[in-house]
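Student: One line per chain: the protein sequences are A and B, in this order. According to our numbering, the stretch in the first sequence is residues 1 to 275, in order. According to our numbering, the stretch in the second sequence is residues 1 to 367, in order.
Careful: at least some of the hints might be erroneous.
[What the hints assert, rightly or not] Computed spacing ranges between beta-carbons, pair by pair: (1) Leu193(A) / Asp25(B): 27 to 35 angstroms; (2) Ala87(A) / Asp165(B): 43 to 51 angstroms; (3) Thr120(B) / Val79(A): 30 to 38 angstroms; (4) Val79(A) / Asp25(B): 25 to 33 angstroms; (5) His363(B) / Leu193(A): 56 to 64 angstroms; (6) Arg6(A) / Val321(B): 34 to 42 angstroms; (7) Lys101(B) / Val79(A): 25 to 33 angstroms; (8) Gln262(A) / Lys20(B): 37 to 45 angstroms; (9) Ser219(A) / Glu107(B): 40 to 48 angstroms; (10) Asn209(A) / Asn151(B): 30 to 38 angstroms; (11) Ala87(A) / Gln122(B): 40 to 48 angstroms; (12) Asn151(B) / Gln262(A): 56 to 64 angstroms.
[Claimed, not checked] Dumping the calculated DSSO-like pairs for lysine-lysine here, alpha-carbon to alpha-carbon at most 30 angstroms: (13) Lys163(A) / Lys353(B); (14) Lys3(B) / Lys153(B); (15) Lys209(B) / Lys353(B); (16) Lys74(B) / Lys163(A); (17) Lys353(B) / Lys74(B); (18) Lys163(A) / Lys128(B); (19) Lys20(B) / Lys101(B); (20) Lys163(A) / Lys113(B); (21) Lys153(B) / Lys203(B); (22) Lys3(B) / Lys130(B); (23) Lys113(B) / Lys74(B); (24) Lys130(B) / Lys209(B).
It is worth saying that the hints were derived from the structure and are not from the lab. From the three backbone atoms N, C-alpha and C, an ideal C-beta is built for every residue, glycine too.
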Amino acid sequence: MTGSKRKFARIAIGTIGWVVALWIFFPILWMVLTGFKSEMDAISTPPHLFFTPTLESYHEVFAQADYWHFTFNTVLMSVFATGGALALAVPAAYAMAFYPTRRTRTTLLWMLSTRMLPPVGVLVPVYLIARSTHLLDTTLGLGIINLLTNLPIIVWMLYTFFKEVPVPILEAGRMDGASRWQEITVVLLPLALPGIASTALLSLILCWNEAFWALNLTSSRAAPLAAFIASFSSPEGLFFGKLSAASTLAVAPILLFGWFSQKQLVRGLTFGAVK
Amino acid sequence: MAKLALRDIRKTYHAEEIIKGVSLDIEDGEFVVFVGPSGCGKSTLLRMIAGLEEISAGDLLIDGARMNDVEPAKRGLAMVFQSYALYPHMNVYQNMEFGLKLAGMPEAERRRKITEVATTLQLDAYLKHKPGQLSGGQRQRVAIGRAIVRNPKVFLFDEPLSNLDAALRGQMRVELATLHRRLGATTIYVTHDQIEAMTMADKIVVLQKGVVEQVGSPLELYHHPRNLFVARFIGSPPMNFLSVRIVGSGPDGLTVETSQGARIDVPVLAESAVAGSDLTLGVRPEHIVIDAQGTVPGTIRLVERLGALTLLHVALEDGSVLIVQTDGDHGGQVDAPVRLTLLSENCHLFDAKGMALTKLMRHRLAG
Ligand SMILES: Nc1ncnc2c1ncn2[C@@H]1O[C@H](COP(=O)(O)OP(=O)(O)O)[C@@H](O)[C@H]1O
Ligand SMILES: [Mg+2]
């Protein structure tokens with residue numbers, strides 16, 4: 001019967017979904033579990049599935065480093081980079097989506113291609129520029145580099161979302177007397193809000209987890225959570241318990257934030273934002 | 001209230017001319033319909049008037065003032081889009097309020113106007129609804145309401161009814177015509193549907209490939225099409241066409257002969273006609289009668305019964321098919337032989353270039 005066939009297909013798809021989800025989620029789960037193990041349990045092979053949870057590692061992590069300082073730096077840098085990138089990307093994506101030229105597609109591709117360059121390829125010039133502009137180890141400096149590296153993706157995503165907004169609605173705004181500024185802020189942005197929200201979330205996550213520039217351009221004052229984690233992988237030997245606890249602490253805020261806004265993210269990533 | 005004048009308006013996209021020099025006068029309070037097949041440039045022309053599309057060449061005058069470079073909102077126009085283009089994130093009230101707010105109208109006055117318009121359009125119960133919660137017909141009304149509240153000098157409509165089902169379309173047609181009579185505002189209405197054009201227009205502008213084929217009242221276009229294109233486009237079911245040859249001419253018109261030898265005297269100006277040259281004869285379905293004495297023999301191939309009238313598709317001996325309109329009770333049967341008479345004073349003749357020969361008499365209602 002087609003009914004039972006469909007039921008079987010649904011169960012199969014559901015199972016595959018769960019397997020993939022667990023596959024992706026497993027490292028995070030393992031990290032969280034390891035954070036609650038003693039260092040002995042953490043390195044034992046085969047790993048202990050059952051163990052006495054302890055907050056030992058967390059105590060040590062908090063004693064060794066100023067978690068809140070790193071978190072504050074990360075939040076500040078991520079919000080600045082995301083806000084700045086959106087401010088630049090909205091007009092760019094607006095122009096490309098609604099006033100395309102023959103070269104718009106090429107421009108978009110070219111912008112994205114800058115993401116294909118390995119960051120280490122430009123490490124020296126960027127480092128030197130940052131040093132001579134006194135932006136080394138500043139939140140502003142790290143924010144600017146994050147802003148610039150994420151800009152192509154953000155323009156691209158906004159472009160895709162703006163493309164879905166029916167042009168006559170913007171034209172109706174123009175007929176109603178909206179200036180260009182009002183057309184964007186009062187008509188376009190509210191319509192593309194789900195897309196903008198998911199773009200912003202993606203940018204926040206990228207900034208939050210960015211480690212290469214964080215480790216190379218900051219040392220203490222402006223160091224974000226990536227540096228916080230790195231400080232626990234010291235040359236004296238790895239302490240997996242502490243490392244896991246630190247990592248858990250580092251990803252927890254963005255994970256929770258992402259969790260609460262996941263609805264927007266899923267909507268945005270499936271590109272079905274504006275109907 | 002406004003008069004419009006288009007002076008040799010042109011539009012070029014990437015070196016391709018889409019609108020090829022349109023000149024037109026639109027009187028105050030007139031209901032003008034741009035009609036033509038899809039892709040002929042109706043929307044482009046309307047959007048140039050609206051200010052949404054740049055005018056490549058020519059002048060657009062509203063009440064005598066050149067408007068080419070004036071912003072859309074400052075031209076005193078309001079537009080209703082085919083897709084309605086309502087703001088999805090605003091409710092009905094806010095949709096209508098948006099333009100008024102931007103124009104700086106005080107809150108109390110806005111409220112009064114919107115309430116008034118919403119009442120006439122039977123939208124008062126829906127003011128708090130978002131467009132997504134409304135039916136197609138209601139969205140259409142909101143779009144019209146949004147145009148009306150701004151009290152424009154000119155209304156522009158771009159195929160506003162094409163997304164509605166047939167019954168609703170008929171109803172909205174009546175409502176729009178009534179609305180126009182009540183407001184008396186100059187209206188330009190774009191459609192590809194010649195029935196909408198015929199029923200609503202004071203003046204029809206027939207466009208083809210960016211060129212105005214003819215401008216005139218509905219009955220003028222119907223009874224005096226300037227060329228084959230207009231003759232074919234206006235009227236449903238469409239005009240029938242036959243190839244004929246001139247066999248005689250005189251002060252009362254031309255005598256033409258069909259390929260089967262039937263002769264018809266058509267009252268047209270005979271000035272440039274040369275005996276023996278080929279013409280196209282056009283005759284509308286209601287101007288052919290079934291008649292035992294008819295000169296054109298044929299066979300009924302299809303009977304379409306519409307109730308009030310019957311359409312007979314009659315095949316002639318040379319294979320061409322004429323559509324004949326008879327009364328609803330006509331007993332015609334498929335495969336029955338019939339004889340037809342073409343009412344000669346209602347026949348049209350077109351020369352080799354497709355231009356109509358001038359008729360000797362104007363139709364009583366054609367103006
Ligand atoms: N932005 C544009 N760029 C290039 N060609 C266009 C553009 N807009 C319309 N056209 C062309 O102009 C012609 C007329 O279009 P349009 O005015 O929309 O026709 P209609 O409304 O009569 O169906 C079409 O052939 C269309 O392809
Ligand atoms: Mg159109």
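Student: Next, verify each hint and record whether it holds.
Tutor: Comparing the hints with the structure gives:
{"no.": "1", "hint": "Leu193(A) / Asp25(B): 27 to 35 angstroms", "verdict": "violated (46 angstroms)"}
{"no.": "2", "hint": "Ala87(A) / Asp165(B): 43 to 51 angstroms", "verdict": "holds (45 angstroms)"}
{"no.": "3", "hint": "Thr120(B) / Val79(A): 30 to 38 angstroms", "verdict": "violated (50 angstroms)"}
{"no.": "4", "hint": "Val79(A) / Asp25(B): 25 to 33 angstroms", "verdict": "violated (59 angstroms)"}
{"no.": "5", "hint": "His363(B) / Leu193(A): 56 to 64 angstroms", "verdict": "holds (58 angstroms)"}
{"no.": "6", "hint": "Arg6(A) / Val321(B): 34 to 42 angstroms", "verdict": "violated (51 angstroms)"}
{"no.": "7", "hint": "Lys101(B) / Val79(A): 25 to 33 angstroms", "verdict": "holds (32 angstroms)"}
{"no.": "8", "hint": "Gln262(A) / Lys20(B): 37 to 45 angstroms", "verdict": "violated (55 angstroms)"}
{"no.": "9", "hint": "Ser219(A) / Glu107(B): 40 to 48 angstroms", "verdict": "violated (57 angstroms)"}
{"no.": "10", "hint": "Asn209(A) / Asn151(B): 30 to 38 angstroms", "verdict": "violated (56 angstroms)"}
{"no.": "11", "hint": "Ala87(A) / Gln122(B): 40 to 48 angstroms", "verdict": "holds (44 angstroms)"}
{"no.": "12", "hint": "Asn151(B) / Gln262(A): 56 to 64 angstroms", "verdict": "violated (47 angstroms)"}
{"no.": "13", "hint": "Lys163(A) / Lys353(B)", "verdict": "violated (45 angstroms)"}
{"no.": "14", "hint": "Lys3(B) / Lys153(B)", "verdict": "holds (9 angstroms)"}
{"no.": "15", "hint": "Lys209(B) / Lys353(B)", "verdict": "holds (17 angstroms)"}
{"no.": "16", "hint": "Lys74(B) / Lys163(A)", "verdict": "holds (28 angstroms)"}
{"no.": "17", "hint": "Lys353(B) / Lys74(B)", "verdict": "violated (44 angstroms)"}
{"no.": "18", "hint": "Lys163(A) / Lys128(B)", "verdict": "holds (28 angstroms)"}
{"no.": "19", "hint": "Lys20(B) / Lys101(B)", "verdict": "violated (38 angstroms)"}
{"no.": "20", "hint": "Lys163(A) / Lys113(B)", "verdict": "violated (35 angstroms)"}
{"no.": "21", "hint": "Lys153(B) / Lys203(B)", "verdict": "holds (18 angstroms)"}
{"no.": "22", "hint": "Lys3(B) / Lys130(B)", "verdict": "violated (36 angstroms)"}
{"no.": "23", "hint": "Lys113(B) / Lys74(B)", "verdict": "holds (20 angstroms)"}
{"no.": "24", "hint": "Lys130(B) / Lys209(B)", "verdict": "violated (39 angstroms)"}
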